[in-house]
Structures are given as C-alpha cells and as structure tokens.
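Asks: Using the sequences and the hints, build the whole thing.
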Amino acid sequence: MHDNKSYISSFCRIKNNHVTLNGDTVFSKEGTYSEFIKSAYKNLDIKYPKFFKMDRLSKLAFIAANVVLNHENVTPEQEENIAIVFSNKASSLDSDRTHQTSIQNKENYYPSPAVFVYTLPNICIGEISIKYKLYSENSFFIFDNFNAKHLLTYANNLLDTKKADKVLCGWVEYDGNNYDALLYLVGNKGKTEHNTTEINTLYNS
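For what it's worth, the UniProt record's numbering labels the leading residue of the sequence shown as 1, then goes sequentially.
Be careful, since some hints might not be right.
Using C-beta positions, here's what the derived DEER-type ranges look like [to be verified]:
1. 24 with 193: 19 to 29 Å
2. 141 with 176: 17 to 27 Å
3. 4 with 139: 16 to 26 Å
4. 47 with 149: 15 to 25 Å
With a straight-line Cα cutoff of 20 Å, these simulated EDC-like cross-link-like pairs (lysine to aspartate or glutamate) come out [to be verified]:
5. 189 with 160
6. 149 with 193
7. 149 with 137
8. 29 with 45
9. 162 with 193
10. 15 with 175
11. 133 with 165
12. 5 with 198
13. 5 with 160
14. 5 with 193
15. 47 with 77
The set of hints was computed from the structure by calculation and includes no laboratory data. Ideal placement from N, C-alpha and C gives every residue a C-beta, glycine not left out.
Replies: What follows is the structure, given as structure tokens:
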C-alpha cells in the first residue's frame, strides 16, 4: 500500500522524430533513426563520447534520461539517490539480432564484444547511472504492452521504503526501426499526481 502521494515533476517523450519535454518539442528532425538520434545528441549539447558506441536502445534511453535529468538540474556532483525503473517489450532484441548476424557470418566470423555488451537491456541503465553517478536501485522489466500500473507500484514502493528519493521511470522500446520512449521523474514534489491515469495520458499523448 502506498502511504504518501508522489508526483511527476518532468517527462520526456521520444517518437516520430520528435523529442518533447513536458509536452513541448525541444528537438525534431526528419530522417532515419540513426540520423535523428545523433542529431538530437548534438543539438541538445550532451557531452558523453561513449554515446557513439552504444546500441540503438541505449541511445534512445540515454537521450530521454538526459532531457529529464538536465531539466531537473541533476548533476553527477550531487550524487542524488535516484532509482531507475525501465520497461519495454522487445528487451535487447535489436542488439541480439546484430550479435547473431556476426556469429552466423562464416566468411567474417568475429563476434564483436562491443555488440555483445548490449545484449542485456539493462545496460542502458548502466550508461545513465555512470554519467549521473546514480547508485540507487535499478530494474528493467519486460511486458507485452506499456504497463503503467507496474511502474506506479514499483516506483512508489521504492519511495515509501526510502530506498530512493526520486525514481526515473518509463518505457524505452527499439525494435526493427520502431522506437518509442517515455521517461519521467517521480518524487514527493511536482505538478502532476503520479497515478495510472496520468502515466497513461503521458504515454498516449
């Protein structure tokens, strides 16, 4: 049972070649996913060279997390107690396919360690944690569909048990050139009450 009310302070949505913060477009560019996400990184002035070595799922999560955390003035120096709870449907399937292709190529057989690293979906959480020095709880869940109830329950439990002061929650999906991200920060302050109705509204907007 959730004892205290929690609130969504900021959210980022990335889909259809648009990056939005709290409903307002902060970047858009037509083109392929690779062109779009690379341009978003440069336009949003993110400084993290490892970005270019990440798989496509991690790049998506990383950009969305940066938009939210930068807006909330979260910096590595603060070492805030922020947990991360992500979810999606395809897990790391996109990176898995790339790894499998390299294994099956008999003429040029050499599975890339750089690709293999990203065959776990929670690696994208690690990249965000490293940049912002977030050492709290983190989890990555796989569901058939966007699951607002689980995000709500899990995040509120972390807040109620004092395992985290804030939680970065959401959905980050990349599968076969289809991409979709909603990340939001929840805590004890904010403009929007943290409940399934509001979470679904953000996702469906």
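Asks: Among the hints numbered above, which are violated by the structure, and what are their numbers in rising order?
Replies: Violated hint: only 4; rest satisfied.
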